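Chains C, Y and X are the protein sequences, given in the same order.
If you read the first sequence in numbering that gives the first Met the number 0, its first letter stands for residue 0, the second for the next number, and so on.
If you read the second sequence in numbering that gives the first Met the number 0, its first letter stands for residue 0, the second for the next number, and so on.
If you read the third sequence in numbering that gives the first Met the number 0, its first letter stands for residue 0, the second for the next number, and so on.
By construction, these hints were calculated from the structure, which means they are not laboratory data.
The structure presented is a predicted model; accordingly, all values stated were derived computationally and were not measured.
Keep in mind that a hint or two might mislead.
[Claimed, not checked] Facing chain C, from chain Y, some residues (calculated, C-beta under 8 Å):
id	residue
1	Tyr290
2	Thr353
3	Ile362
4	Arg454
5	Tyr461
6	Tyr538
Glycine included, C-beta positions come from ideal geometry on N, C-alpha and C.
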Amino acid sequence: MKWFRDLTLPLEASTVARDIDNLYIFIVLLSVFFFVLIAGLIGYFLLRYHRKGPNEVTPHITHNLNLEITWSVLPLLICLVVFFWGFNGFVRANVAPGNAMEIQVVAKKWQWQFEYPDGTRTINNIHVPIGKPVRLVMTSEDVLHSFFVPAFRVKHDVVPGRYTEVWFEPTKLGVHQVFCTEYCGKSHSDMLAKVFVEDDATYKKWVEEGDETLKTMPLPQLGKMVWEEKGCMACHALDGKRTPNGGPSWKGIYGEMHEMSDGQKILVDQNYIRESILEPQKHIVKTYEGIMPTFQGLLREREILGVIEYIKSLK
Amino acid sequence: MANHPTTLAVPTPVKEDVSVNYITSPKGLMSWLTTVDHKRIGIMYLWAVLGAFLLGGIFALLLRIELLTPKETIMTAETYNKVFTLHGVIMVFLFIIPSIPAALGNFVLPLMLGAKDVAFPRLNLFSYYIYVVGALFGVTAMVTGGVDTGWTFYTPYSTSSNTQVSLMVLAAFILGFSSIFTGINFIATIHKLRAPGMGWFQMPLFCWGMYSTAVIQVLATPVLGITLVLLLLERSFGIGIFDPAIGGDPVLFQHFFWFYSHPAVYIMIVPGMAIISEIIPTFSRKTIFGYKAIAFSSVAIAMVGFLVWGHHLFVSGQSPLASVIFSFLTFLVAIPSGVKVFNWVSTMYRGSITLEAPMLYAISFLLLFSIGGLTGIFLGALSVDIHLTDTYFVVAHFHYVMMGGTVIAFLAGLHYWWPKMFGRMYNEKLARIGCGLVFVGFNMTFFTQFILGSRGMPRRYYNYLDQFQPLHAFSTVGSWVLGAGLFLTAGYLLASLRKPYDAPRNPWGARTFEWETQSPPITHNFDFEPVLLHGPYDYRPERKA
Amino acid sequence: MSDSVTAVKEHSHQHHDSNLQHHFATYEQQMDAGKIGMWLFLATEILLFGGLFVGFGLMQAKYPEAFVQAHHHLDKNLGFLNTVVLLVSSFTMVMAVHCAKTEQRRKVLVYLLITLVCAAIFLCVKYFEYEHKFHEGLLPGKFYSHVGDTVPHQFVFFSFYFMMTGLHGLHILGGMGAITWIFFRAKRGDFNHDYYTPIDLVGLYWHLVDLIWIYLFPLLYLIS
Numbered sequence: 000m001k002w003f004r005d006l007t008l009p010l011e012a013s014t015v016a017r018d019i020d021n022l023y024i025f026i027v028l029l030s031v032f033f034f035v036l037i038a039g040l041i042g043y044f045l046l047r048y049h050r051k052g053p054n055e056v057t058p059h060i061t062h063n064l065n066l067e068i069t070w071s072v073l074p075l076l077i078c079l080v081v082f083f084w085g086f087n088g089f090v091r092a093n094v095a096p097g098n099a100m101e102i103q104v105v106a107k108k109w110q111w112q113f114e115y116p117d118g119t120r121t122i123n124n125i126h127v128p129i130g131k132p133v134r135l136v137m138t139s140e141d142v143l144h145s146f147f148v149p150a151f152r153v154k155h156d157v158v159p160g161r162y163t164e165v166w167f168e169p170t171k172l173g174v175h176q177v178f179c180t181e182y183c184g185k186s187h188s189d190m191l192a193k194v195f196v197e198d199d200a201t202y203k204k205w206v207e208e209g210d211e212t213l214k215t216m217p218l219p220q221l222g223k224m225v226w227e228e229k230g231c232m233a234c235h236a237l238d239g240k241r242t243p244n245g246g247p248s249w250k251g252i253y254g255e256m257h258e259m260s261d262g263q264k265i266l267v268d269q270n271y272i273r274e275s276i277l278e279p280q281k282h283i284v285k286t287y288e289g290i291m292p293t294f295q296g297l298l299r300e301r302e303i304l305g306v307i308e309y310i311k312s313l314k
Numbered sequence: 000m001a002n003h004p005t006t007l008a009v010p011t012p013v014k015e016d017v018s019v020n021y022i023t024s025p026k027g028l029m030s031w032l033t034t035v036d037h038k039r040i041g042i043m044y045l046w047a048v049l050g051a052f053l054l055g056g057i058f059a060l061l062l063r064i065e066l067l068t069p070k071e072t073i074m075t076a077e078t079y080n081k082v083f084t085l086h087g088v089i090m091v092f093l094f095i096i097p098s099i100p101a102a103l104g105n106f107v108l109p110l111m112l113g114a115k116d117v118a119f120p121r122l123n124l125f126s127y128y129i130y131v132v133g134a135l136f137g138v139t140a141m142v143t144g145g146v147d148t149g150w151t152f153y154t155p156y157s158t159s160s161n162t163q164v165s166l167m168v169l170a171a172f173i174l175g176f177s178s179i180f181t182g183i184n185f186i187a188t189i190h191k192l193r194a195p196g197m198g199w200f201q202m203p204l205f206c207w208g209m210y211s212t213a214v215i216q217v218l219a220t221p222v223l224g225i226t227l228v229l230l231l232l233e234r235s236f237g238i239g240i241f242d243p244a245i246g247g248d249p250v251l252f253q254h255f256f257w258f259y260s261h262p263a264v265y266i267m268i269v270p271g272m273a274i275i276s277e278i279i280p281t282f283s284r285k286t287i288f289g290y291k292a293i294a295f296s297s298v299a300i301a302m303v304g305f306l307v308w309g310h311h312l313f314v315s316g317q318s319p320l321a322s323v324i325f326s327f328l329t330f331l332v333a334i335p336s337g338v339k340v341f342n343w344v345s346t347m348y349r350g351s352i353t354l355e356a357p358m359l360y361a362i363s364f365l366l367l368f369s370i371g372g373l374t375g376i377f378l379g380a381l382s383v384d385i386h387l388t389d390t391y392f393v394v395a396h397f398h399y400v401m402m403g404g405t406v407i408a409f410l411a412g413l414h415y416w417w418p419k420m421f422g423r424m425y426n427e428k429l430a431r432i433g434c435g436l437v438f439v440g441f442n443m444t445f446f447t448q449f450i451l452g453s454r455g456m457p458r459r460y461y462n463y464l465d466q467f468q469p470l471h472a473f474s475t476v477g478s479w480v481l482g483a484g485l486f487l488t489a490g491y492l493l494a495s496l497r498k499p500y501d502a503p504r505n506p507w508g509a510r511t512f513e514w515e516t517q518s519p520p521i522t523h524n525f526d527f528e529p530v531l532l533h534g535p536y537d538y539r540p541e542r543k544a
Numbered sequence: 000m001s002d003s004v005t006a007v008k009e010h011s012h013q014h015h016d017s018n019l020q021h022h023f024a025t026y027e028q029q030m031d032a033g034k035i036g037m038w039l040f041l042a043t044e045i046l047l048f049g050g051l052f053v054g055f056g057l058m059q060a061k062y063p064e065a066f067v068q069a070h071h072h073l074d075k076n077l078g079f080l081n082t083v084v085l086l087v088s089s090f091t092m093v094m095a096v097h098c099a100k101t102e103q104r105r106k107v108l109v110y111l112l113i114t115l116v117c118a119a120i121f122l123c124v125k126y127f128e129y130e131h132k133f134h135e136g137l138l139p140g141k142f143y144s145h146v147g148d149t150v151p152h153q154f155v156f157f158s159f160y161f162m163m164t165g166l167h168g169l170h171i172l173g174g175m176g177a178i179t180w181i182f183f184r185a186k187r188g189d190f191n192h193d194y195y196t197p198i199d200l201v202g203l204y205w206h207l208v209d210l211i212w213i214y215l216f217p218l219l220y221l222i223s
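Looking at chain C on its own, in the form it has when it is part of the complex (with noise of 0.2 Å):
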């Protein structure tokens, strides 16, 4: 059954994985045997039983106890092994262990904000360590979304004025996607992050110095991949054109003399786009509503310095 595993479902990346996927063969096994008997019958009845001549006459059969007690009785039991099959996955995935590490989660259209217990937050991307249990305490800012990883067999609705949890133990290394799967406007289908599951020197050093390519990288290329990654690509595009509903096009900006809702004139330049990234609200250009939100704290600032050269080279 491996190669049906490795064609119908995604990797499996954590403790949970394996019992669901045990389920979910499981039932695909029983449907494949309902299918075939109910089809095989239909199949066969036709060839065998049809129409042989206009005056044909059939049997009178109206029902047959024994038959029906069974086909009602019968799936009903099999019915019963999967829902405490299910109960029993479904108990596991939903209490995490005492000793989890716990993650804040907040989720606003369209980015995922994570914070660590010490304090660090990123954005759209958290590392764990392997082997280690870690429970996410979500809540959303705005409307309904949900955090899936289907290498983690993990989902939960995140909603707003109240907290939900999931919980994972990551038992393979690499990186797993996390999807929105609580439609959520817009860009729901952007509203994308990672899990980095490394090993535990790799993590340590991650959580002391974030990640090396960060301190290396040239700043216009970080200043990209912070817009990729921190969900600035949500509202903010590269060709000019304003996002519907969203922010102004980063090309060409640097250098123009932008007019504010409240009349003032500001040119752009390094101070002022700092400031739209810690600040967004302090100054609103004309035409545009104020819904950035802030990303202080959530930004290095080798990061923000890798924006204001990204948005210089965009000509």
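Fit chains Y and X to the given chain C structure using the hints.
Frame of chain C, contents of chains Y and X only:
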């Protein structure tokens, strides 16, 4: 009683003059617009729902083209979100819910019972006009900017969206009343207007299906009505029930919504089952196997169907205990559907089977509905549902049930009763080709999506990861095959209307009342006094004549 | 004397024909169908209000103190007065149906008129209650502008108060329309002991509207 069929064989068409019938007399547009004849109202519903089906279908084809490639193919993300919302709203509220009960049921139910009309003919016409008004509101919402919330209108997205949500919610609210009035009418009709001699268990099973459906329509739809009113007031006045920003509870909306909308799934599928219960005995020329089991399972589905709404909320934030209970009840409601499938297959055992278009569609139904039902087990199982919910697996599952089940059954019924409704036979060869294209195209489109979903492709995604593209492309090509089959079907059905009347009274050799009157029937349905002489599926030769 | 008896008989016989719709075989069948239809309609009404009752209960559970505080703004005496008024109207409605069945036409008209007057009194009282709330800013949702609240979220109570009593008020208005309609039909002499379905059905509807108020009154006015 002169017109009862006298031979077992399909009667050779007796040339009779059917020029006076419910279509031709009285004449004139006004006579149609003010008619209280259930047959005319049924036909008016039929054109309306077919129009909705066309519109919703075009939206579906556009969606599939957009999904041919990741990122933008033919439309922007905002447009895509509106198109999938409108596809859902149109298909659910304007097409599937009224399709079988209001269009085919209105036409057939009184005929099957041997009645001259439904119990409340004026209410029937009124409900049609309510449908039209609701549809107009929906169309207005569409052309004045559309709606981008998804057909489920989940809060708080729907309370904050600045698209035409209020207008569309109002449309759904109005359409609900149309559905309620049809339901009330059918229940009263079945209780009081059965022909002399027809007890509850001599009714055709189609009537049992309509009865169960009507019960759900009457009991569930008001709750949707009040939910939509609350949503409307939340949007306009901020009454504080669903919007978390002012202290409301968004999950409460989901409970309210699914309390209606899960039973609504049965409003959609039970009528489909009802049609299949007619067609399989007719084309097997054999009595139905397990009449009572099928009748009671319809009623059981209607009852238990009210207790399973929470299985839409396993990962929404309802209490885990509630999820466990809902999962358990969900497995219980699966059993009656399974029982029906076994009964239908057993009916074919030792039958005398022919494979005209209605039967081909019925066989398609059995296969597709089985897949739809079996994949429901995946979603009912709590732990597997965590992985599969809100992915393409769910999309595929409900399309197998709603389209592979209800729409295929609707097409089966349309082909089955077409000669009765319009007095003409259609081109049988083209019908078989059409059915084949629909079957193949449907499976290409939607079976692929089971795999997409299992692999983790979330639903309602405009953009997707490159790894999913081959399957998406295959699904899109399937939608073209499916579309071709449906357009072909529309073509030969409409073409048949240009012919002179050529349908005999009973082209399929069926045993229910509607086949004993002329095709198309006269305004008062029967040119004889209908009295029940044999059961609806009694093919014993000694009971003839 | 005998002539007039014959005339009356013929008269009522004519009604048999025009009042019996073509697809029904007997009056009994027609009346039963009508009753089934009306009971089903009443079931949908109960479910419609049921949704509001459930919503009210859940929000009350969420903000119990706000609901207790808010309900003190309602006038229990006026609520009680309206309860009595509607109970009386239910009684007169029963009498009207009974008199229609026994063909006492004048009494039918009198009882229907009293029912209508009761309904009007109910709406007047409701009007004064509403005016008082408007004056104090006790309005639903974002229009709530009452000052001096010690407990937040009282606007939710008034959202439900206005939705529930408003919807009920609309039903009273609808009922008044229906009663007026059968009043004129009764005046025209449409009803007799074979055919009184419309008045019977309107009666059923009216009792439901009263019944809903019987539940609304303690729910809204008497929170403990």
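Now the hints, each set against the structure:
1. The interface hint given for Tyr290 (chain Y) is met, as the beta carbon of that residue sits about 7 Å from the closest beta carbon of chain C, less than 8 Å.
2. Interface hint at Thr353 (chain Y): satisfied, since its Cβ lies 5 Å from the closest Cβ of chain C, which is below the 8 Å cut-off.
3. Taken as an interface hint, Ile362 (chain Y) checks out: its beta carbon lies about 6 Å from the nearest beta carbon of chain C, inside 8 Å.
4. With a cut of 8 Å, the hint placing Arg454 (chain Y) at the interface with chain C holds, because the nearest CB-to-CB distance is about 6 Å.
5. Satisfaction of the interface hint for Tyr461 (chain Y) is found here, the shortest Cβ-Cβ separation to chain C being roughly 5 Å, below the 8 Å cut-off.
6. At a threshold of 8 Å, the smallest CB-CB gap from Tyr538 (chain Y) to chain C is about 6 Å, leaving the interface hint in force.
Against the hints set out earlier in the document, no violation occurs for any number.
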